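First to last, the protein sequences are chains A and B. Under full-length UniProt numbering, the letters of the first sequence match residues 1 to 469, in that order. Under full-length UniProt numbering, the letters of the second sequence match residues 1 to 469, in that order.
A few of these clues could be false.
Said to hold, decoys possible - Mimicking BS3-like on lysine-lysine, the simulated pairs with C-alpha atoms at most 27 Å apart in a straight line are: (1) A:K212 to B:K93; (2) B:K440 to A:K58; (3) B:K93 to B:K212.
Stated by the list, open to error - According to the in silico footprint, chain A covers these stretches of chain B (three or more CB under 8 Å from chain A): (4) 25-32; (5) 170-177; (6) 214-228; (7) 256-270.
No lab work stands behind these hints: they were computed from the structure. Predicted, not measured: the structure shown is a model, and the values here were computed from it. For glycine and all other residues, C-beta sits at the position ideal for the given N, C-alpha and C.
There are 2 protein chains.
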Amino acid sequence: MLSSEVKRELQAVVGPDDVRDDPESRLAYSYDATPMYQAMPDGVVFPESTEEVQAIMKIASRHRIPIVGRGSGSNLSAGTVPVGGGLVMVMTKMNRLIEIDQDNLTATFQPGLITKQLHEAVERIGLFYPPDPGSMHVSTLGGNIAECAGGLRGLKYGTTKDYVIGLEAVLPSGDILRTGGKLTKDVAGYDLTKLLVGSEGTLAIITEATVKLLPLPEDRRVMVAHFTDLYAAARTVSQIIAERIIPCTLEFLDQGTIRVIEDYAKIGLPADMAAILLIEQDGPTSVVERDIERIAEICRQAKAAHVQVAQSREEEVQLMSARRSALSALARLRPTTILEDATVPRAAIAPMVEQINRIKEKYGLQICTFGHAGDGNLHPTCMTDARDREEIERVEKAFEEIFDAAIRLGGTITGEHGVGLAKAPFLEWKVGKSGIEVMKGIKRAFDPDGLLNPGKMFSKETRRRVVIT
Amino acid sequence: MLSSEVKRELQAVVGPDDVRDDPESRLAYSYDATPMYQAMPDGVVFPESTEEVQAIMKIASRHRIPIVGRGSGSNLSAGTVPVGGGLVMVMTKMNRLIEIDQDNLTATFQPGLITKQLHEAVERIGLFYPPDPGSMHVSTLGGNIAECAGGLRGLKYGTTKDYVIGLEAVLPSGDILRTGGKLTKDVAGYDLTKLLVGSEGTLAIITEATVKLLPLPEDRRVMVAHFTDLYAAARTVSQIIAERIIPCTLEFLDQGTIRVIEDYAKIGLPADMAAILLIEQDGPTSVVERDIERIAEICRQAKAAHVQVAQSREEEVQLMSARRSALSALARLRPTTILEDATVPRAAIAPMVEQINRIKEKYGLQICTFGHAGDGNLHPTCMTDARDREEIERVEKAFEEIFDAAIRLGGTITGEHGVGLAKAPFLEWKVGKSGIEVMKGIKRAFDPDGLLNPGKMFSKETRRRVVIT
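Bound-form chain A, shown alone (with noise of 0.2 Å):
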């Protein structure tokens, strides 16, 4: 709860209905999308206006009170969860699309603004904003930013970081942080804008951003491949590659989905597959029916078992309706669902499956993997029970194995959805003793009482690094 003081103050600047600190509006924020996390807030704020921003973050300065920005909250690291206590600052009330600037290719807009409307608003027009993430119609850009989020177009357009290029962001002491501009070239100084994306509410608020956009590809196409050998699905991606074709998406299932979403959706995928690729490139109609022909040519020398090119959008629905639905059709297996994102060079694909295999036998546990095999993006998927503690604990000795051998492969502990409060304990194991002190002395430039998001990204103690022989 807020004292009656602070709650004064807060009122002031944004009005009695804009804070809240009775128990449901506590509970209601007191959780994110991450399964198993959970820390009831002293109070919530939702401000309207940078000036706002500021105002609250000198009250909470002043009185030594956390603050977790928050946007829809779909964050899968437990981001958003307020260990720490304090205010939740809620950002969803500052959502207006600025300004599209068609001269200079850039959108200007609050952090509450949609994902998806974004999108529409700039497709609209023939322009092009590719990050894409899975929570893209709920998700807020803001959220977006503070995790670097990632997508199905990685592979060839990148993340949100390849694009944000101007921030303004407001700082514990209440001053106001203005970055980049509407700039393809600033090297003015280190760059805060790329180190503010993914700095997930650790350093400071963002109240407006401005991203670059690109022209929208004037086609696409999607096909599909089943392979009967996991190797030959991980060869083939590697294959495409080595022909030099970027698709624009270039998703994976494992066997073990395959038969969940089979399951659920009889959507006709046969249970006996190894692995399914799901392809998508975009581009200029000719260019993309050459590569889509050389694709499917590819994995038809890598014999795939069924190779499907979509002749009409409604064929192309049908075929993406199996990505679409993996996490609909795992969810619905067990009461708690655990989405991971051990993240590996795309070479290191098919060691990485074949690992993860290993590990969900070792501890007995159900762990389907699908995800963006282009950049190499795994989501290990369990299906578990939050509510059996020893099933919990072989699970979390499970993902520690499974981030290790992500590691050793040259990969990451998260490629996509955050540090948060879940992988903090892992961090070190992937920049090391110096990374950390490092990452810690720049924490402590931007919020040097630690106000921002406490206990995020950062452990108290790090994970003993399990030797696997």
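Start from chain A and add chain B according to the hints.
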């Protein structure tokens, strides 16, 4: 001069030939490509391995000796002038191309590798590393990374920071920092990779880098358009983009530059033209041909006086020779050539060129402007004489007004040359007091004793900003 103790310790690490403190060596590394800046180092050291860099850093830290990392010294912001004395650490002996990974589309190299050599090595096998700074025949990739080098292809392909995905760097403590990897997606902690790119040797010494590569575009085509009206040329740039075409390069020469080039090279450029645009598109042949045709049509509709599409590689070389000879032509006019890089949003190019022309008249100076119109990165270039103190004062005042004008138009003090020593007094104009404070905090996180490239980026005093009316 180095103390005999320090010299002995350094010799024990790199051998007697790779530590120098004779006056000739010190003089040779007392300046870089930036006119009018010089300072003598106490010594010069040439490491040959990461381990040697670590040992040198430990010695320097123990003795509190500044370290200035340096490649070929081709930077234009006095970024490697050892203004705090100490050791210049020349990375040119660490110049190995370690690996081109065709499965993951990455290249890994030591910092002393020459940019052009990487271009050639990857293009030989159908791959592409886009950043192409003007100095690419002599510049090192380590220097490119330290400065976040841009180039002609920035509009379509971005700059160095868009390609660097993994780094090995040595901190002043001698500890190694490893960031990123062969990964499109990696959100494990703050993005230290992008932070180190463009950090101008003030945070760590880069000892190895991994960059992502693209497939080599299969074709390219060059064209030129002459304009009697500056605004018509600028509108043409906007119109090309408005048609959703992103050319590979879109270069601009102003009237002053055109006249000087013609006077020097006699290539038949009409002296009455207000501006020339040089345009290149790359990609699949069908797309390149279509784009170039459409661009030529846009130029004609904009009443270009002359539009010419190169019909052969020879004609292309001829068309490009104007842009290529710009700097040489300008440089022969006076003893000192100052090449600046004020940068504005693309749509503000015409007003920016007008501002530059107004300021040039006001101070009675010879300033010609050429540069990368597509990304708003202009190079107003002043022909002057460093020995004429009175004129140099006018030059300095003029550039201050140019920086101010760029910022007022939503631009920046430096698009691709870096802050270094030359622009440190102006950094606050772009990033504000809070930006400077945060950046100094970041500097402390990496380099608490301020030993890495001291005096760069941060100035003791910010230049008072003149109010232009």
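Evaluated hints:
1. A:K212 to B:K93: Status violated; Cα separation ~38 Å.
2. B:K440 to A:K58: Since the Cα atoms of K440 (chain B) and K58 (chain A) sit roughly 22 Å apart, the hinted pair holds (cutoff 27 Å).
3. B:K93 to B:K212: Between K93 (chain B) and K212 (chain B) the Cα gap is close to 23 Å, so the pair holds against 27 Å.
4. 25-32: Contact hint for the segment 25-32 of chain B vs chain A: violated, 0 residues under 8 Å.
5. 170-177: holds (count 5)
6. 214-228: holds (count 3)
7. 256-270: violated (count 0)
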